[in-house]
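Engineer: According to our numbering, the residues represented by the sequence shown are 1 to 561, in order.
Hints should not be assumed to be uniformly reliable.
[As the list claims (entries may be wrong)] Once the Cα atoms are required to be at most 20 Å apart in a straight line, the calculated SDA-like pairs of lysine to any residue come out as:
hint, residue 1, residue 2
1, Lys470, Thr423
2, Lys404, Asp13
3, Lys166, Leu136
Just so you know, the hints here were simulated from the structure itself, not pulled from any lab data.
If you're wondering where the values come from, they're calculated on a predicted model, not measured in any experiment.
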Amino acid sequence: MLPPVKSQKAVYDVVIVGGGLAGLTAGYLLKDLNILVLEKEAQAGGRILSHSADGIPYDLGAVFAYNPGSLPFEVNSSGLIRESEQIGIFYGGQVHYGSSPIDCLKKLDLEPHYLQQLDNFQVHPAQKTARLSDKLYTLLNAFFQVIHPGDIWDYLPSLQQDALRKFSTDHYETSNGDLIEQFQSHLGSLLNLNTQVIEIIDKQSCVQLIIETADDIETLWAKTVILTTPAPIALSLLKSIQEPCQSFLQSVQYGRGTVVAIGFKNLELTSFAYLVTPDLPSATIIQHNIQHNSNKVLLVYYVGEVSAQLQAIPNQQIIQQTLGILQQLGIGDISEDKVLFTDVHHWPMVGTIISEDSYGQWKQQLSHPSRRVWLAGDYVFANTEQIIPYGMQAAILSGKQVVKKVKQYLNKEFFAELITKKTPSEQFKSNFLIDTSIYQLSSDKPVFLENKEEGNIAFYGLILQAHPDKTLQTYLLNQATTEHLWEYQIDYGITADDSALVIEGLMETGVSDQVLMPSLKKLVECFYDSEQGAFRTIRKQGRAVYWQFDGVNTQLEQLHQ
Numbered sequence: 001m002l003p004p005v006k007s008q009k010a011v012y013d014v015v016i017v018g019g020g021l022a023g024l025t026a027g028y029l030l031k032d033l034n035i036l037v038l039e040k041e042a043q044a045g046g047r048i049l050s051h052s053a054d055g056i057p058y059d060l061g062a063v064f065a066y067n068p069g070s071l072p073f074e075v076n077s078s079g080l081i082r083e084s085e086q087i088g089i090f091y092g093g094q095v096h097y098g099s100s101p102i103d104c105l106k107k108l109d110l111e112p113h114y115l116q117q118l119d120n121f122q123v124h125p126a127q128k129t130a131r132l133s134d135k136l137y138t139l140l141n142a143f144f145q146v147i148h149p150g151d152i153w154d155y156l157p158s159l160q161q162d163a164l165r166k167f168s169t170d171h172y173e174t175s176n177g178d179l180i181e182q183f184q185s186h187l188g189s190l191l192n193l194n195t196q197v198i199e200i201i202d203k204q205s206c207v208q209l210i211i212e213t214a215d216d217i218e219t220l221w222a223k224t225v226i227l228t229t230p231a232p233i234a235l236s237l238l239k240s241i242q243e244p245c246q247s248f249l250q251s252v253q254y255g256r257g258t259v260v261a262i263g264f265k266n267l268e269l270t271s272f273a274y275l276v277t278p279d280l281p282s283a284t285i286i287q288h289n290i291q292h293n294s295n296k297v298l299l300v301y302y303v304g305e306v307s308a309q310l311q312a313i314p315n316q317q318i319i320q321q322t323l324g325i326l327q328q329l330g331i332g333d334i335s336e337d338k339v340l341f342t343d344v345h346h347w348p349m350v351g352t353i354i355s356e357d358s359y360g361q362w363k364q365q366l367s368h369p370s371r372r373v374w375l376a377g378d379y380v381f382a383n384t385e386q387i388i389p390y391g392m393q394a395a396i397l398s399g400k401q402v403v404k405k406v407k408q409y410l411n412k413e414f415f416a417e418l419i420t421k422k423t424p425s426e427q428f429k430s431n432f433l434i435d436t437s438i439y440q441l442s443s444d445k446p447v448f449l450e451n452k453e454e455g456n457i458a459f460y461g462l463i464l465q466a467h468p469d470k471t472l473q474t475y476l477l478n479q480a481t482t483e484h485l486w487e488y489q490i491d492y493g494i495t496a497d498d499s500a501l502v503i504e505g506l507m508e509t510g511v512s513d514q515v516l517m518p519s520l521k522k523l524v525e526c527f528y529d530s531e532q533g534a535f536r537t538i539r540k541q542g543r544a545v546y547w548q549f550d551g552v553n554t555q556l557e558q559l560h561q
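Input sequences plus hints: build the corresponding full structure.
Structural biologist: In structure tokens form, the structure reads like this:
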């Protein structure tokens with residue numbers, strides 16, 4: 001059982017959930033407001049995961065060099081290490097090198113009909129599997145998976161030609177982790193690590209977040225929330241999601257990946273930026289040179305089902321398998337005595353599958369799940385001209401984009417509050433006891449209709465007893481019905497329990513007997529059953545008007561069935 005939730009009623013302007021590049025970018029741009037950035041892990045960065053061993057920094061997540069010009073501040077980048085312009089494909093027992101995927105493929109001495117298929121793919125990539133031979137499909141998919149973790153046919157046609165692009169593997173001398181450290185330095189105490197968000201509820205006047213830390217479970221309140229987690233996590237955190245955002249989140253799929261980093265000392269290798277290995281369990285091998293010496297880091301990637309299988313294998317066995325793969329390539333003297341360090345990391349959601357189902361009809365409403373909550377992250381940075389919702393650049397730009405939307409909303413709310421300043425009575429009326437979710441029950445499945453907040457009268461009697469307040473006392477006196485009794489909420493109908501709660505609160509805070517006597521007499525008149533010698537909760541005549549509609553009995557019967 002969870003411990004009681006401790007509430008902190010101070011309302012933040014913005015709470016940002018997720019400390020990846022999108023969340024950090026948004027946090028930096030909003031740091032002059034009252035904000036928090038929450039990250040469940042012990043380190044920020046999301047898919048930027050940098051380690052260091054034997055004085056060698058290396059990346060296990062996003063490995064390509066970021067673009068300093070897209071960042072929200074001037075970053076102090078370390079030196080950029082330029083890697084080889086040569087790439088290769090291991091096929092038929094040897095590596096075939098070239099300056100591009102096409103160049104590599106043409107080194108394979110493909111038969112004329114394969115070359116014709118390749119030419120057709122360059123012009124019209126969106127072909128069905130039957131249009132490509134198994135052999136050519138395997139070769140193209142190998143180059144496609146340098147950047148994408150899924151199958152080439154699962155992606156938008158506009159992205160399928162990524163199989164023919166060469167990607168730069170240039171990287172920073174001290175890894176991408178330096179960038180995250182600089183973000184953390186700017187944000188300071190605004191960034192809370194080891195803080196897991198359990199639930200996000202968009203209420204009428206603000207957003208409620210239930211969070212868990214090592215010490216406690218707490219409630220935070222915010223005028224707005226930016227949610228930067230991957231789609232499945234966003235779907236699990238949000239209490240309610242409006243369409244079309246809900247369908248979009250349900251449709252988004254991710255590819256799985258495993259990366260093995262092996263550092264070598266004094267190793268001479270063939271010059272290449274990366275190799276693809278369709279004949280082997282691995283997918284891609286990236287070479288990183290180390291500045292000022294002959295040490296190397298080889299990053300070996302596994303994707304999809306192979307990655308899933310590796311998760312059940314001890315790391316040492318994965319490393320031995322990976323060394324065996326490297327030794328088959330003929331790229332240099334790969335031996336265990338040259339190994340400086342090894343590292344393994346599994347990514348259950350390494351990248352978005354950019355499919356027709358998810359991104360074929362992209363529109364901005366897909367990233368707005370409710371009134372005060374916005375999504376951010378690489379997977380929601382898309383436009384109709386060039387849909388590439390994946391990678392560091394997309395994450396940074398998504399963070400910038402969502403900040404504009406949130407600022408617009410906050411400015412609009414600020415001026416609206418100035419125009420319609422609430423009286424104390426209106427404030428009590430708009431502060432409800434519970435959230436309710438309304439569903440239409442059918443023989444198929446419940447269909448979500450709306451969220452409502454309920455309970456803005458009777459429960460205040462209990463609060464008045466605990467915290468006497470003249471303004472609240474006046475509010476409750478004014479909420480009495482013409483019968484001098486009280487309801488749970490307007491139009492719910494008076495009950496003995498609700499009226500008693502309020503009367504007790506008023507008595508505790510010194511309301512005179514003269515004022516309360518009509519209420520007490522009416523309570524006896526309406527609810528006391530002399531035959532039973534006890535009070536009824538509701539009147540003999542039954543439900544109030546609120547409950548008198550045809551759907552109640554029908555839906556209760558369906559629920560029981």
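Engineer: Now, for every hint given, state plainly whether the structure supports it.
Structural biologist: Here is what the structure says about each hint:
Only pairs whose Cα atoms come within 20 Å are accepted, and Lys470 paired with Thr423 is accepted, the gap being roughly 14 Å. Of the supplied pair hints, the one linking Lys404 and Asp13 holds, its CA atoms being roughly 14 Å apart against a limit of 20 Å. For the proposed pair Lys166 and Leu136, the alpha carbon gap of about 18 Å is at most 20 Å, so the pair holds.
Of the hints listed earlier, there is not a single one the structure fails to meet.
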